[in-house]
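A.B. asks: The chain contents come next:
There are 2 protein chains.
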Amino acid sequence: MPEDLLAHKPQRRRFLRIATAMTGALAGCSDSGAKKDAAATMEETEPSLLGKIASPYGERAKFEKAKRSTRESKTPAAGSSGTPLQDTYGIITPSSLHFERHHSGVPEIDPAKHTLLIHGMVERPLVLSVADIKRMPSMSRIHFVECSGNSGGEWSGKGGPDPQRSHGLASCSEWTGVLLSTLLAEAGVKKEAKWLLAEGADACKMGRSVPIEKAMADAMVVYGQNGEAIRPEQGYPLRLLLPGWEGNINVKWLHRIHLADQPFYTKDETSKYTDLMADGKARIFTWEMDAKSVITAPCGGQKLEGKGFREISGLAWSGRGRIEKVEVSTDGGKTWAAAQLQEPRYPKAFTRFRLPWTWDGSDAVLSSRAIDETGYVQPSRQALIDVRGTNSQYHCNSIKAWKVAADGSVTNVEA
Amino acid sequence: MPEDLLAHKPQRRRFLRIATAMTGALAGCSDSGAKKDAAATMEETEPSLLGKIASPYGERAKFEKAKRSTRESKTPAAGSSGTPLQDTYGIITPSSLHFERHHSGVPEIDPAKHTLLIHGMVERPLVLSVADIKRMPSMSRIHFVECSGNSGGEWSGKGGPDPQRSHGLASCSEWTGVLLSTLLAEAGVKKEAKWLLAEGADACKMGRSVPIEKAMADAMVVYGQNGEAIRPEQGYPLRLLLPGWEGNINVKWLHRIHLADQPFYTKDETSKYTDLMADGKARIFTWEMDAKSVITAPCGGQKLEGKGFREISGLAWSGRGRIEKVEVSTDGGKTWAAAQLQEPRYPKAFTRFRLPWTWDGSDAVLSSRAIDETGYVQPSRQALIDVRGTNSQYHCNSIKAWKVAADGSVTNVEA
Chain A
29 MPEDLLAHKP QRRRFLRIAT AMTGALAGCS DSGAKKDAAA TMEETEPSLL
79 GKIASPYGER AKFEKAKRST RESKTPAAGS SGTPLQDTYG IITPSSLHFE
129 RHHSGVPEID PAKHTLLIHG MVERPLVLSV ADIKRMPSMS RIHFVECSGN
179 SGGEWSGKGG PDPQRSHGLA SCSEWTGVLL STLLAEAGVK KEAKWLLAEG
229 ADACKMGRSV PIEKAMADAM VVYGQNGEAI RPEQGYPLRL LLPGWEGNIN
279 VKWLHRIHLA DQPFYTKDET SKYTDLMADG KARIFTWEMD AKSVITAPCG
329 GQKLEGKGFR EISGLAWSGR GRIEKVEVST DGGKTWAAAQ LQEPRYPKAF
379 TRFRLPWTWD GSDAVLSSRA IDETGYVQPS RQALIDVRGT NSQYHCNSIK
429 AWKVAADGSV TNVEA
Chain B
29 MPEDLLAHKP QRRRFLRIAT AMTGALAGCS DSGAKKDAAA TMEETEPSLL
79 GKIASPYGER AKFEKAKRST RESKTPAAGS SGTPLQDTYG IITPSSLHFE
129 RHHSGVPEID PAKHTLLIHG MVERPLVLSV ADIKRMPSMS RIHFVECSGN
179 SGGEWSGKGG PDPQRSHGLA SCSEWTGVLL STLLAEAGVK KEAKWLLAEG
229 ADACKMGRSV PIEKAMADAM VVYGQNGEAI RPEQGYPLRL LLPGWEGNIN
279 VKWLHRIHLA DQPFYTKDET SKYTDLMADG KARIFTWEMD AKSVITAPCG
329 GQKLEGKGFR EISGLAWSGR GRIEKVEVST DGGKTWAAAQ LQEPRYPKAF
379 TRFRLPWTWD GSDAVLSSRA IDETGYVQPS RQALIDVRGT NSQYHCNSIK
429 AWKVAADGSV TNVEA
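Chains A and B supply the protein sequences, listed in that same order. Letter by letter, the first sequence follows residues 29 to 443 of our numbering. Letter by letter, the second sequence follows residues 29 to 443 of our numbering.
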């Protein structure tokens, strides 16, 4: 006898009665009879006319309303929008819902005119067209990108009221492009080159310094996202992808790579994207995104309709490799159970976790903690503050909790 | 010294001169200086104004024109459209470009009103809402779907002029939903039930018979596709997914499952979707899609710009499991080389293969053959005909070849 997944259904008995009557009328498996009865029962909800014809480029159903969070600003070109994680499935983020963070808005770039300059401490400076890059050996990898300011509001203890507003500056895509090491081999990196500047073609020429070790390890210059061209908001036509590293350094609209023997100390790695500690000193070059997770169902902003079975589901990721384990608590952290992890688990990618749960109708506090392949365990907010204080808005990866009240409403728990 | 990936570049020497001059002017790695010079060199191609602000739901770049193939018809609701495989990257097909095959068009279904009836030889007939199904234990899997009529034109020997028209009725997505076995366990399948009818809510009530073994093995009822709700063209809000089986039996707009002790012999498994052999007999219930592959670059419809390095890339898949090997020939099948396979390789999913190639400017014939984990080797067209004749339009999985002419044009080779 399977678990009763449908005990919650208030009209279960009525459904059974209808369906049993139908089955009775259908002894002998007459298909045409079954069709007639089923049609009679369900006719009010079923279309009977011919539907829309095939189309060149499809759109989502008009009933689907999930959208990125945007907000009013006096400087909207320096803005962001968050992925509605609670409305996504699996590990792929739909490109139309991938989070955004722009410093000068989204430039419109004609790929036929765009070039990538590789110069500085190289043997053979290069100017590459997008077509040049697409001829080269390519690869596809599934990786998350996360803004280091994601969950910054969690430092306050008040926190975001739903996954979109607490964790929505993280998304995951299948990226396709060329290994940066392939391009650098063509240019011939000089021995003394230890860093490179990656610069975008947006109005502010967003630039970041990248150590040569990361450039040679797994960095990519990508032109594909989820099977088609990378989206304008993600850097069309070329983006630097540094798997596992904070979003800002994954420079979008990439047009220049400058090799040098020292970092460039750009605005966005000095006045921004450094972590101010309690003692007034700032950490710099804190690139890796630590292991993190969030429950996306049930979650803040939702209302549970009745007691009974439901699945707890969420996302976990680590900039340091593979997610090895996710533990889920339904009692505010007193006890933890190992969640099921969706296979295969990619390193530096979203991992979907799931745990069966039957809600008994009383108060419950749901939380998750991720453990990555380095053995690192996602910490509590207090544990983070003990080490880093509360001056920084960046790199908050504390455990997130949602409270389920007896009336079924789910809200953020102040940590 | 790396392979010279850029030997093809006609202006390579000019690029080198410009870039070398710039590097010379930048001795000492002055970042601001480098910025100024790069900006001067590239100003005509770079936007300098603030770009677009963040948006609720993004769109692809206006420069991207890839589209599904549609065609004129007197009965357009019974039509199809193909994926432009030559314009896709990686293994995920963008949902907007997933192939279509409709028998009565795409119905518009309100998910709040849609139900799935499970009845017939079950202990507890059920009527499930979409919300009921979303509460249940879920899973995500990457699988291809392929129309059994895909590549039907190849039987003639003339074949499609590009991958979209020869192989475009195949696409691959991350699907999320519930195992059908979970739903059937709730309903309680009676011992005598050996088959089920899956029926759609489109105007023609498209229906197919599914053996209970497949239903219990890996069949899913899916509501998610590539991170968001399944698209209307793919069965919104619910689709039956039978991994590896011909597209038609993956019933879209699923609204009814009827358990029985025999198949239902519906129109679409008798007058259609059977394979007429040379002797006049027809094969029925030929569900599995055999191993297949196609080179998507370089491919028919393209023109190579000059000799030199370029990557050969393509897609392989098998309805019987994982792709174990793909071999590529550039000399019309005289010799074969093992291509690189993109990891991880999912069973019953697209696998991207790649082979480095340097075109010497002479005639070349490019082809690929897939080998799956059962050891099955994708056959030549003649080998298929020897066994099955040429009466059927279905299940053609022969090796596809593209001819590169000395002028760089690439065309279909008549096999």
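Hints should not be assumed to be uniformly reliable.
When chains are identical, the list treats them as one kind, so a pair holds in a single copy or across two.
To be verified - Each computed EDC-like pair below joins lysine to aspartate or glutamate, with the alpha-carbon atoms no more than 20 Å apart: (1) K242 - D318; (2) K80 - E100; (3) K162 - D246.
If you're looking for bench data, these hints aren't it; they were derived computationally from the structure.
A.B. asks: Does each hint hold? Answer for all of them.
C.D. replies: Status of the hints after comparison with the structure:
no.	hint	verdict
1	K242 - D318	within (17 Å within a copy, 42 Å between copies)
2	K80 - E100	between (37 Å within a copy, 14 Å between copies)
3	K162 - D246	within (18 Å within a copy, 37 Å between copies)
Hint violations for this structure: none, all hints satisfied.
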